[in-house]
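Participant: The listed protein sequences correspond, in order, to chains A and B.
All residue numbers for the first sequence refer to the working numbering, where the first residue is 1 and numbers rise by one.
All residue numbers for the second sequence refer to the working numbering, where the first residue is 316 and numbers rise by one.
Honestly, the hints are just simulated from the structure, not real lab data.
All values derive from a computational prediction rather than experimental measurement.
Mixed in with the good hints there might be a few duds.
Claimed, not checked - Interface residues of chain B toward chain A, partial, derived using beta-carbon atoms under 7 Å:
no. : residue
1   : 384
2   : 385
3   : 404
4   : 409
5   : 413
Where a beta carbon is used, it is the ideal one built from N, C-alpha and C, also for glycine.
2 protein chains.
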Amino acid sequence: MPHNRPLSRPIILGIVGDSASGKTTLAAGIAAILGEKRVTVLCSDDYHRLTRDERLEYDVTPLDPANNYIDILEQHLRLLRDGNPILKPVYDHRHGTFGRPAYVSPTDYIIVEGLLAYHTRPLRDRFDVKIFLDPEDNLRSEWKIRRDCAERGYTRHQAEAEMQRRRDDAARYIQPQRTYADIVIRFFNPDPEKEVDAAHLSVRHTLRPTLPHPDMTPILDAGGRAGYRLQLARDVDGKPVDVLDIMGDIDDRRARMVEDLFWSLIPEAHHLRDHDQLGHVIDERNQAIVSHPLALSQLLVAYHLVKAAMGHTVV
Amino acid sequence: MPHNRPLSRPIILGIVGDSASGKTTLAAGIAAILGEKRVTVLCSDDYHRLTRDERLEYDVTPLDPANNYIDILEQHLRLLRDGNPILKPVYDHRHGTFGRPAYVSPTDYIIVEGLLAYHTRPLRDRFDVKIFLDPEDNLRSEWKIRRDCAERGYTRHQAEAEMQRRRDDAARYIQPQRTYADIVIRFFNPDPEKEVDAAHLSVRHTLRPTLPHPDMTPILDAGGRAGYRLQLARDVDGKPVDVLDIMGDIDDRRARMVEDLFWSLIPEAHHLRDHDQLGHVIDERNQAIVSHPLALSQLLVAYHLVKAAMGHTVV
Numbered sequence: 001m002p003h004n005r006p007l008s009r010p011i012i013l014g015i016v017g018d019s020a021s022g023k024t025t026l027a028a029g030i031a032a033i034l035g036e037k038r039v040t041v042l043c044s045d046d047y048h049r050l051t052r053d054e055r056l057e058y059d060v061t062p063l064d065p066a067n068n069y070i071d072i073l074e075q076h077l078r079l080l081r082d083g084n085p086i087l088k089p090v091y092d093h094r095h096g097t098f099g100r101p102a103y104v105s106p107t108d109y110i111i112v113e114g115l116l117a118y119h120t121r122p123l124r125d126r127f128d129v130k131i132f133l134d135p136e137d138n139l140r141s142e143w144k145i146r147r148d149c150a151e152r153g154y155t156r157h158q159a160e161a162e163m164q165r166r167r168d169d170a171a172r173y174i175q176p177q178r179t180y181a182d183i184v185i186r187f188f189n190p191d192p193e194k195e196v197d198a199a200h201l202s203v204r205h206t207l208r209p210t211l212p213h214p215d216m217t218p219i220l221d222a223g224g225r226a227g228y229r230l231q232l233a234r235d236v237d238g239k240p241v242d243v244l245d246i247m248g249d250i251d252d253r254r255a256r257m258v259e260d261l262f263w264s265l266i267p268e269a270h271h272l273r274d275h276d277q278l279g280h281v282i283d284e285r286n287q288a289i290v291s292h293p294l295a296l297s298q299l300l301v302a303y304h305l306v307k308a309a310m311g312h313t314v315v
Numbered sequence: 316m317p318h319n320r321p322l323s324r325p326i327i328l329g330i331v332g333d334s335a336s337g338k339t340t341l342a343a344g345i346a347a348i349l350g351e352k353r354v355t356v357l358c359s360d361d362y363h364r365l366t367r368d369e370r371l372e373y374d375v376t377p378l379d380p381a382n383n384y385i386d387i388l389e390q391h392l393r394l395l396r397d398g399n400p401i402l403k404p405v406y407d408h409r410h411g412t413f414g415r416p417a418y419v420s421p422t423d424y425i426i427v428e429g430l431l432a433y434h435t436r437p438l439r440d441r442f443d444v445k446i447f448l449d450p451e452d453n454l455r456s457e458w459k460i461r462r463d464c465a466e467r468g469y470t471r472h473q474a475e476a477e478m479q480r481r482r483d484d485a486a487r488y489i490q491p492q493r494t495y496a497d498i499v500i501r502f503f504n505p506d507p508e509k510e511v512d513a514a515h516l517s518v519r520h521t522l523r524p525t526l527p528h529p530d531m532t533p534i535l536d537a538g539g540r541a542g543y544r545l546q547l548a549r550d551v552d553g554k555p556v557d558v559l560d561i562m563g564d565i566d567d568r569r570a571r572m573v574e575d576l577f578w579s580l581i582p583e584a585h586h587l588r589d590h591d592q593l594g595h596v597i598d599e600r601n602q603a604i605v606s607h608p609l610a611l612s613q614l615l616v617a618y619h620l621v622k623a624a625m626g627h628t629v630v
């Protein structure tokens, strides 16, 4: 079992997406599956070059690579991948300033979540698995306003103004990174007539053939209309992809079926199954609920990390 | 002339010594000789692990390597030596806390001044020239109290208590590094009967044969009693060394003679001579004065850096 064998180097996962696209929530579930002690989560926001006040003064956004220490992020990921510790800068989101740096030792798995982690070729080359989070726009807006007001001291008006201010840079710098992802994960509201309900969001996984995805034909055989669907498609760039949809109204039994399939494909990681952290999220009413589509997304990503680790186990 | 030719890598100078041993003053003069734009001065205090309050709480000192990120300092010097930028932590001496990190690009010369820069073999291996500052104890005490009160917000009582608190760790961790230096520089009061007078301190250079020191026999031939003296000696560890004394009462003409000798030995650097920054120091009455012994110390060290640079000029 890989968790008992040393890895020749850390396995590095990227989770990139615009502000409030769900990066932290996805990362938390994956870390729970793999075991908190074996996972380090890095946020590339720590590599911002400017404080919040400075960005306002210069009228620039943190989405612009020029306002981030991209070369230092490259260097730190290289050091960690080679098994070295780093002294990581710390950006304090609550105050928009820099705190004391943090000493980070490499662990078996490193999750890098952030805005620009695929911006350069050297950055992209650091990752074993690359995820891009691309939720529906209105969904992300709602998440961002809720998060910025609750955790970062913004008023609703400020949060909306900031989003408006970021729109151009998001299109220019964030969205183009989608094309480098092995998996694009898009949460969406299955019924636009209804209000957003975290527990019943659906998710679409666009699976590029850049990774050896698990064989999901058993799901294919089961057909659609059952809460999930797998189909061959062309991506927006015309390239062939698999598209795996998991609907928000999938019932517990079927969700468990898909979950069982994933676990059956990684018997080496079966010991990791003993936990109930998957799919946890805080809904609109501040209630902790479980989302099957989120749980299955976390599991699919974890699958790829365990597989990658198996390729780097020291025998 | 080396200043017009690119270097294959930065030349790195170490200046190590206990707190308030004169590191910053020596570094400033050397940077002035070599040209501020070509020199980066790093202070290894930035690699402290704890704030001032935390050290008081745990009753530990910053002289203990365990309270410093020694491995990160090693890593950063390696990166700079290889031509890479670093994101350096910043310890704020005024408040005893950590500020926002600083982006540092390698320049032709890098001066690392600090408490523990020769503590490990990997650290020592980073340096082209290693200086250890070892002023007389009572001299250093006076410097420390003056500095800590004027610049770091200590009361005289606090500064004295802090020195007492550091005594054991200084003997355990700082002083043993003396043996790794190419040059030990010891400022001393030539007449213990008189009060310390910065303008007339003498200096003793202990020159280990670990560096190709300039031929100073012209000075030897001139004999002693003339403000300077060169003699063969055994160091405290029994090893053969040259000892170069420059007395505080050396007259301007003779000081200029020694200076001329040094410059004549590095004709490649003659263009650097056009400045009057050498030997500047603030005396006991807060007056800016010039010390010939300090000026000649700075010049001797600069000599070795220019020589080292010549060995790494890209032809």
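Participant: Take the hints in turn and mark each one as holding or not.
Facilitator: A quick look at each hint next to the structure:
A least Cβ separation of about 6 Å between residue 384 of chain B and chain A falls short of the 7 Å threshold, and the interface hint therefore holds. Violation of the interface hint for residue 385 of chain B is found here, the shortest Cβ-Cβ separation to chain A being roughly 11 Å, above the 7 Å cut-off. At about 5 Å, the closest approach between the beta carbon of residue 404 of chain B and any beta carbon in chain A falls short of 7 Å, and the interface hint on this residue holds. Proximity of residue 409 of chain B to chain A is violated relative to the hint, the smallest CB-CB distance being about 16 Å (cut-off 7 Å).
Because the beta carbon of residue 413 of chain B sits about 4 Å from the nearest beta carbon in chain A, less than 7 Å, this interface hint is met.
The structure shown violates the earlier hints numbered 2, 4.
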